[in-house]
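Undergrad: One letter stands for each residue in the lines below.
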Amino acid sequence: MDPHRKRTIRLAVALSAAVLLAGALVYTSFTASTEARSPSQLARHADAGRSYQLTGKVVPGSIRHEGGLLLFRVRDRGGSASVPVTYRGAVPDPFRDGREIIVDVRRQGAVFVGEKDSLVTKCPSKFTAKKGPAAA
Amino acid sequence: MATLGRACLFLAFGIALYGIGASLYGARARRRAWAESGRRAVFALAGVLTVAFVVLESAFLRSDFSFDVVATHSSTTTPTFYKAAAVWSSQEGSLLLWVWLLALWSSVALVVVRRRAREAQPYATAMLLGFAAFFGALLIFFADPFTVSSPAPAEGAGLNPLLRHPSMMIHPPMLYSGYTLFTIPFAFAVGALVARRLDAEWIAVTRRFALAAWFLLGVGILLGARWSYVELGWGGYWGWDPVENASLMPWLTGTAFLHSAMIQEKRGMLKVWNVSLVLATGILAILGTFLVRSGILDSIHAFGASTLGTPFLLLIGGLVAGSVYLVASRRVELRSRHRLDSLFSREAAFLLNNLVLVGLCFVVFWGTFFPLISEAVTGHKASVGPPWFDRYTVPLALVLVLLAGIGPVIAWRRATLANVARNFLIPVGVGLGVVALLAAGAGAASHPAALVMFGCAGFVLAAVGQEFWRGTRARRAMTREPVPAALVALVRRNRRRYGGYVVHAGIAVLFVGVAASSAFQHARDVRLSPGGSARVGGYDVRYVRPTSKLASEKVSLGAVLDVRKHGRHVATLRPTRGYYPSMDPSLGPVGRYFDGQATSEVGLRAGLRRDLWMAIEPDLSSLQPIIRDADRRFASARPDVQAFVIAAVAARYLRHPPPATFRIIVSPLVTWIWLGALVVFGGALIALWPAQLAVRRRATAGYAARVSRELGRA
Numbered sequence: 001m002d003p004h005r006k007r008t009i010r011l012a013v014a015l016s017a018a019v020l021l022a023g024a025l026v027y028t029s030f031t032a033s034t035e036a037r038s039p040s041q042l043a044r045h046a047d048a049g050r051s052y053q054l055t056g057k058v059v060p061g062s063i064r065h066e067g068g069l070l071l072f073r074v075r076d077r078g079g080s081a082s083v084p085v086t087y088r089g090a091v092p093d094p095f096r097d098g099r100e101i102i103v104d105v106r107r108q109g110a111v112f113v114g115e116k117d118s119l120v121t122k123c124p125s126k127f128t129a130k131k132g133p134a135a136a
Numbered sequence: 001m002a003t004l005g006r007a008c009l010f011l012a013f014g015i016a017l018y019g020i021g022a023s024l025y026g027a028r029a030r031r032r033a034w035a036e037s038g039r040r041a042v043f044a045l046a047g048v049l050t051v052a053f054v055v056l057e058s059a060f061l062r063s064d065f066s067f068d069v070v071a072t073h074s075s076t077t078t079p080t081f082y083k084a085a086a087v088w089s090s091q092e093g094s095l096l097l098w099v100w101l102l103a104l105w106s107s108v109a110l111v112v113v114r115r116r117a118r119e120a121q122p123y124a125t126a127m128l129l130g131f132a133a134f135f136g137a138l139l140i141f142f143a144d145p146f147t148v149s150s151p152a153p154a155e156g157a158g159l160n161p162l163l164r165h166p167s168m169m170i171h172p173p174m175l176y177s178g179y180t181l182f183t184i185p186f187a188f189a190v191g192a193l194v195a196r197r198l199d200a201e202w203i204a205v206t207r208r209f210a211l212a213a214w215f216l217l218g219v220g221i222l223l224g225a226r227w228s229y230v231e232l233g234w235g236g237y238w239g240w241d242p243v244e245n246a247s248l249m250p251w252l253t254g255t256a257f258l259h260s261a262m263i264q265e266k267r268g269m270l271k272v273w274n275v276s277l278v279l280a281t282g283i284l285a286i287l288g289t290f291l292v293r294s295g296i297l298d299s300i301h302a303f304g305a306s307t308l309g310t311p312f313l314l315l316i317g318g319l320v321a322g323s324v325y326l327v328a329s330r331r332v333e334l335r336s337r338h339r340l341d342s343l344f345s346r347e348a349a350f351l352l353n354n355l356v357l358v359g360l361c362f363v364v365f366w367g368t369f370f371p372l373i374s375e376a377v378t379g380h381k382a383s384v385g386p387p388w389f390d391r392y393t394v395p396l397a398l399v400l401v402l403l404a405g406i407g408p409v410i411a412w413r414r415a416t417l418a419n420v421a422r423n424f425l426i427p428v429g430v431g432l433g434v435v436a437l438l439a440a441g442a443g444a445a446s447h448p449a450a451l452v453m454f455g456c457a458g459f460v461l462a463a464v465g466q467e468f469w470r471g472t473r474a475r476r477a478m479t480r481e482p483v484p485a486a487l488v489a490l491v492r493r494n495r496r497r498y499g500g501y502v503v504h505a506g507i508a509v510l511f512v513g514v515a516a517s518s519a520f521q522h523a524r525d526v527r528l529s530p531g532g533s534a535r536v537g538g539y540d541v542r543y544v545r546p547t548s549k550l551a552s553e554k555v556s557l558g559a560v561l562d563v564r565k566h567g568r569h570v571a572t573l574r575p576t577r578g579y580y581p582s583m584d585p586s587l588g589p590v591g592r593y594f595d596g597q598a599t600s601e602v603g604l605r606a607g608l609r610r611d612l613w614m615a616i617e618p619d620l621s622s623l624q625p626i627i628r629d630a631d632r633r634f635a636s637a638r639p640d641v642q643a644f645v646i647a648a649v650a651a652r653y654l655r656h657p658p659p660a661t662f663r664i665i666v667s668p669l670v671t672w673i674w675l676g677a678l679v680v681f682g683g684a685l686i687a688l689w690p691a692q693l694a695v696r697r698r699a700t701a702g703y704a705a706r707v708s709r710e711l712g713r714a
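Chains H and D supply the protein sequences, listed in that same order.
Each residue of the first sequence is one higher than the last, beginning at 1 in my numbering.
Each residue of the second sequence is one higher than the last, beginning at 1 in my numbering.
Just chain D, with the same shape it has in the complex:
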């Protein structure tokens, strides 16, 4: 099987090289048959890589430890669901997943756009195959997933316990789908530049893929944040870690592109900006893939120093140099047809939104790479922490949320006073009302940034609500439909616009959660023995009793916590810490359980108003002499006897519970982050969903004019 897998990799590499040659020759010599052959090479590549991926996946599912990558990342006791997902927990498997997804998404793109952007398409195909050839070469020469050992070990090391969380299983495919989908607009932008076809066609052709990339990368980022919140035992969802930042940067520039692309489509403006944004987004996606593998930056995810840094650096250097050359050499063709009419217009709002997003990306980039920058400048490695990031990202985020409300209601070209009065009165009133209410009634004035964010969010929600209401009213005036039917029809007829509005509403909700949970969080680390209690954020938390549980894979030690407010019972939480055995035999049969990887299973009471979050870290120092003694006495005992001894140690923990350190967090509105993200993704799906042809045809010019009149935008 390993031979088949490796043969597929070589075949894929060969197909990619052939496809590059065929596409370029077809484009240069204007031989359509060759270009078509290059296009078909992408489909063949997808097929061959699917076989390679299935071979590796089946090795994981069969626990075939002759595959090195299976032996080091799975075990017979790993649950089947996690065995399937353990493929991408390894360097080799994740690279194979990356290139496989690239081939699949490229195939989808080339099918969807087969009759469009004909001149740019062969170059785009060559670019996509170029990425595939690069990753294929990495798999063949640097990180072969099909390396085998003989004899095969009887048991594998197992999947890292920290990764045994459902969201971690979906997180990498989502991230990689986002990254690989962003290479599609990148490739078509390169194709358009090379072919000098710089109208809005390449944008129209790839816009849906850019949106899909943005959506899937966003889902990946959210799942990572959720995993961090419930699994890592520190209670946060974002830590400005380089690996987190690596995924955020292309998402930010991708967001900017989705907005500025509309300006080019509608007004023929911002051509240089758009093409630069797409090229930057594609390069940042590759940079994100590189960062998690290079080991050049200290990250909590610490994907060790590997040998992949140099090839990636060469690729990124080549992409940057090529992009700069292409944009500079096509600057005449990229000149815009129109100019900005007024600073008070939707175009200007979009442009400002772009500047803020790119500014945010630059801040994140600078902070992420600051250790390398400072070492180059001063000779000393230094890093900036979350307070530095917050100093810049908080005001930029405030402006961004404000613009999410301004964009939908301000007029194109030039806003008049009448337009401003008509469209902004209610949203501004709501925003100010929210600020006044929270400052006076909820004591939010102590955190001005959070208060302003709540006001901005109120403004956005009112602006979006107003747009929905006016659109529905206009439709009802024409069709006499009931409100729900008119609303659904309104959205169906203009999915992109109203999907975008839903995204804006979700962003506002999400940022309310971020602002509230950051500004009004109460957190304490307390050391308690059974019977002890602590007060955090107005809640009394009492350590009632210890708990222990033995499973085949781990020993869980935990606590029952009683949470009360003003003497009234609020919740009973059961945080535990799971101890997974180490594979290091020198640690002893009992000690290897307690010196292995430990993971927190947090006690969480999530609610719309606040989350109660608790994690435990038992102090096992009093058990250590007993564990060491057991290791000596039962070193060569039968496994069932050793299991009995481990159970006895756990029972002693129950009888004589040592003190434990608890992290207790009372955090308001965290749930709003997840709900807001769901709204964002719902909006993105609405915008992504293809409009039915019949529906599009029925949208007559007369109807459009009437709706426009009703909306006062004619």
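The following block holds chain H by itself, in its conformation from the complex:
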């Protein structure tokens, strides 16, 4: 086969494969993603059973244990609107009052149930914009 033609075919095959893979990547990322929502957005509207990624701050004084169940409220980063969340299982070390968290939740009635192993707490360690004695 003519080497030039051979190279063209190889290039076409490689490009087609790349386009197909990129298409799959884009499609699956949109279909498999979890929408990020703030507590105020979820308080306004949340479909029952649908998974959302809730981001916000743990309301101080709201953390309670009922048996193996953890109950707390999450509020907007810059506001006071909050939603109740339940979570079962171990939580990350930095989890406590006032900490920013990210958790995948599904609405069940008036409560948002956290999905197992989805709770992550932002590490408060570094590079915080505001500093103060309590910002350890």
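Because the hints were derived from the structure by calculation, they are not lab data.
There's no promise every hint is true.
[To be verified] Simulated pairs of lysine to any residue, SDA-like, Cα-Cα distance not exceeding 20 Å:
#, chain 1, residue 1, chain 2, residue 2
1, H, Lys116, D, Val526
2, H, Lys116, H, Ala32
3, H, Lys6, D, Arg335
4, H, Lys116, D, Leu587
5, H, Lys116, D, Val536
6, H, Lys6, D, Leu352
7, D, Lys266, D, Arg495
8, D, Lys266, D, Ala204
9, H, Lys116, D, Ser66
10, D, Lys565, D, Ser621
11, H, Lys6, D, Ala348
12, H, Lys57, H, Thr86
13, H, Lys116, D, Phe389
14, H, Lys57, D, Arg527
15, D, Lys266, D, Ala348
16, H, Lys116, D, Leu352
17, H, Lys6, D, Leu675
18, H, Lys6, D, Leu340
19, H, Lys116, D, Arg524
20, H, Lys116, D, His522
21, H, Lys116, D, Arg495
22, H, Lys6, D, Val483
23, H, Lys116, D, Ala534
24, D, Lys266, D, Arg527
25, H, Lys116, D, Thr661
26, H, Lys6, D, Arg337
27, H, Lys116, D, Gly236
28, H, Lys116, D, Asp390
29, H, Lys116, D, Asp341
30, H, Lys6, D, Gly236
31, H, Lys57, D, Asp584
32, D, Lys549, D, Phe389
33, D, Lys266, D, Leu352
34, H, Lys6, D, Asn494
Use these hints to put chain D onto chain H, whose structure you have.
TA: Relative to chain H, chain D alone:
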């Protein structure tokens, strides 16, 4: 002292600007003296920044709380080792560390390559000084580490307890060394493009720095994974977090470059690809630095919203635009001399390896930035989780490991059937044998991806072993040396090649650990009271009794766990949770201990076959009324009385232990990850180690030809 530090920053900024001007003028006007002056500016910069860093470091060691950054990130009770390392736990200190390391590594590079790449060097110097000027400006105008307060607070906030782990102390300098070292090949690539000197010289000049960057960034990533595993209390070592991904992306493209650079050096091919890879790697290193500071993505590391996002975005935008322009405008000079002879050749294997690595990087990039992409497209922020990453990275990793075995044994230019039969028979047999054995004997067939990975790893280890054996045999045939001496001499004479093979073997071992620990892990969260037990992965875990310990900095509450298998004692583990006091006085003298930062000290029995990993989270709700009461009654008591009350609360925990939530994980072959990584780094060190001149000279053409004949590659 703060004035001295700040003066150093201004001086460093001025030196960087001067050096840029001198280097560019020297290059454009062909005035060597000016270019040399620009080069010396880098050494001066390193000296001045060393003084600035020493000033800040000494402030931390002296607990000089007049420095704001010391007051907010250290305390008198912070252990000295952690005081020294607390410098880079702050935004300001970490930026100073970054630019200091940049200046040091740039100085090393300019000394090593002083007589090479003469035309590209002034531009490379200007580029490196450009980075230094950027970071210097950030330190002066946005994140001054030498800001002072008067009067100074009597005590500091202390280092975040989560960072009090030895690997966390070394992790940032390793990462930053990797990032800053990657700017060196980037700068020389830019220099070569500007000077239109696009032969392989810039690659030869910077290859060792690219390898060092790859090595140190890899060490940094590994230390981060290890810290996550033993310190964060969730039992994982990789979570596809944006900050983790930020360090992985340049490492992946850097790995691709280290392979494709060989093709350009040996065959004069892939010039556009190589220069693009290096430019992308340098930009990704800056992107990694930016990501941890911008707050644009939600990360567990959450390095808060800061004011540095815009300057970084401008820098990255400029770097991307400049890189695209340079590559596009030099496309004629970048045309390769040779073309790929066959798809069945080492060049093709390297090219495929590059495509897989870049594909992996793209997957990671897309997943990391998907929240921003989805917001731009749909108006809603959405994110993809680990299952999405795994869907793409697992098959790509399988291909990558397979190629790690193919690359060392396939012939250059064109593999013949005889070559394939001779070189692949044993490795393929071993790989298939491993698959058959594990599928039949160990029940691994339930996890096909893991099973295929074990087979690929077997193939790689056999291929690498075969190469070592053949090389040693060839040398023995010539020198009659004993096997160990022949093996050592073989590696010493070709460190780059055999170091690379060791790296491949380590990667195979590492991925065996990743596959096994991901596919065959047993994990449970259980709530137990003393005497209670749970079965996880065939192990019976019994909560024997609670423990408590008071130290000057924390209260530790934990448990003694007895682990048995088939009734036989296997281990006694003691996970604890350390409660560090909050600096918030409103929480009360006792409550501030239990409402402060808590960290897990996991109970870990690591072994070659499996790890038993356990973390505890005591339920302190039954203690809360007592703590609140103590806060009211002892609010104004003396510190020693308050300490006594805290001890009493801890004693009550022992007398009336509440139930605790335990995370229990039985995970096979996790140790293989760390061992595999050590092998990888050992291989990288072999490849990095400079060959002795005398040894190089003794490697005569006759010897090379004879070895080649023995290896059947003549």
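Undergrad: Please go over all the hints and tell whether each is borne out by the structure.
TA: Against the structure, the hints come out as follows:
Straight-line distance between C-alpha atoms of lysine 116 of chain H and valine 526 of chain D comes to about 13 Å, which keeps the hinted pair within the 20 Å bound. A hinted pair counts as satisfied when its Cα atoms are at most 20 Å apart, and lysine 116 of chain H with alanine 32 of chain H qualifies at roughly 17 Å. Distance hint between lysine 6 of chain H and arginine 335 of chain D is fulfilled; the C-alpha atoms sit about 19 Å from each other, no more than 20 Å. A distance of roughly 30 Å separates the Cα atoms of lysine 116 of chain H and leucine 587 of chain D; the hinted pair therefore is violated under the 20 Å criterion.
Distance restraint check for lysine 116 of chain H and valine 536 of chain D: the Cα-Cα separation of roughly 17 Å lies within the 20 Å cut-off, and the hinted pair is therefore satisfied. Proximity of lysine 6 of chain H to leucine 352 of chain D is assessed by CA-CA distance (about 18 Å); at most 20 Å being required, the pair is judged to hold. About 17 Å separates the Cα atoms of lysine 266 of chain D and arginine 495 of chain D, which keeps this hinted pair within 20 Å; it holds. Distance hint between lysine 266 of chain D and alanine 204 of chain D is fulfilled; the C-alpha atoms sit about 11 Å from each other, no more than 20 Å.
Between lysine 116 of chain H and serine 66 of chain D, the direct Cα distance comes to roughly 45 Å. Violation of the 20 Å bound is thereby established for this hinted pair. Under the criterion of a C-alpha separation no larger than 20 Å, the hint pairing lysine 565 of chain D with serine 621 of chain D is inconsistent with the structure, at around 33 Å. With a CA separation close to 15 Å, the supplied pair lysine 6 of chain H and alanine 348 of chain D stays within the 20 Å bound. With a C-alpha separation of about 14 Å, the suggested pairing of lysine 57 of chain H with threonine 86 of chain H holds against the 20 Å cut-off.
Distance restraint check for lysine 116 of chain H and phenylalanine 389 of chain D: the Cα-Cα separation of roughly 18 Å lies within the 20 Å cut-off, and the hinted pair is therefore satisfied. Distance restraint check for lysine 57 of chain H and arginine 527 of chain D: the Cα-Cα separation of roughly 26 Å exceeds the 20 Å cut-off, and the hinted pair is therefore not satisfied. A distance of roughly 14 Å separates the Cα atoms of lysine 266 of chain D and alanine 348 of chain D; the hinted pair therefore holds under the 20 Å criterion. The suggested pairing of lysine 116 of chain H with leucine 352 of chain D is violated, with an alpha-carbon distance near 38 Å, which exceeds 20 Å.
Restraint check for lysine 6 of chain H and leucine 675 of chain D: not satisfied, since their Cα atoms lie roughly 45 Å apart, outside the 20 Å limit. Pair hint lysine 6 of chain H plus leucine 340 of chain D holds up; C-alpha atoms about 11 Å apart against a cutoff of 20 Å. For the suggested pair lysine 116 of chain H and arginine 524 of chain D, the alpha carbons sit about 11 Å apart, so the restraint of at most 20 Å is met. Under the criterion of a C-alpha separation no larger than 20 Å, the hint pairing lysine 116 of chain H with histidine 522 of chain D is consistent with the structure, at around 15 Å.
About 48 Å separates the Cα atoms of lysine 116 of chain H and arginine 495 of chain D, which puts this hinted pair outside 20 Å; it is violated. For the given pair, lysine 6 of chain H sits about 47 Å from valine 483 of chain D by alpha-carbon distance, which is inconsistent with the 20 Å threshold. For the given pair, lysine 116 of chain H sits about 19 Å from alanine 534 of chain D by alpha-carbon distance, which is consistent with the 20 Å threshold. Simply put, lysine 266 of chain D and arginine 527 of chain D have alpha-carbon atoms about 61 Å apart, too far for the 20 Å limit, and the pair is violated.
Distance check on the hinted pair: lysine 116 of chain H and threonine 661 of chain D sit about 14 Å apart at the alpha-carbon level, within 20 Å; holds. Our distance criterion of 20 Å between C-alpha atoms is met by lysine 6 of chain H and arginine 337 of chain D, whose separation comes to about 18 Å. The hinted pair formed by lysine 116 of chain H and glycine 236 of chain D meets the criterion: a straight-line CA distance of about 14 Å does not exceed 20 Å. Proposed proximity of lysine 116 of chain H and aspartate 390 of chain D is supported: the alpha carbons are some 18 Å apart, at most 20 Å.
Between the alpha carbons of lysine 116 of chain H and aspartate 341 of chain D the distance comes to roughly 52 Å, so the proposed pair goes past 20 Å and is violated. With a CA separation close to 47 Å, the supplied pair lysine 6 of chain H and glycine 236 of chain D exceeds the 20 Å bound. For the proposed pair lysine 57 of chain H and aspartate 584 of chain D, the alpha carbon gap of about 18 Å is at most 20 Å, so the pair holds. Taking the CA atoms of lysine 549 of chain D and phenylalanine 389 of chain D, the gap is near 41 Å; set against the 20 Å cutoff, the hint is violated.
Restraint check for lysine 266 of chain D and leucine 352 of chain D: the C-alpha separation of about 17 Å stays at or below 20 Å, so the hint holds. For the hint linking lysine 6 of chain H to asparagine 494 of chain D, the alpha-carbon distance of about 37 Å lies beyond 20 Å, and the restraint is violated.
Violated hints for the displayed structure, listed by number in ascending order: 4, 9, 10, 14, 16, 17, 21, 22, 24, 29, 30, 32 and 34.
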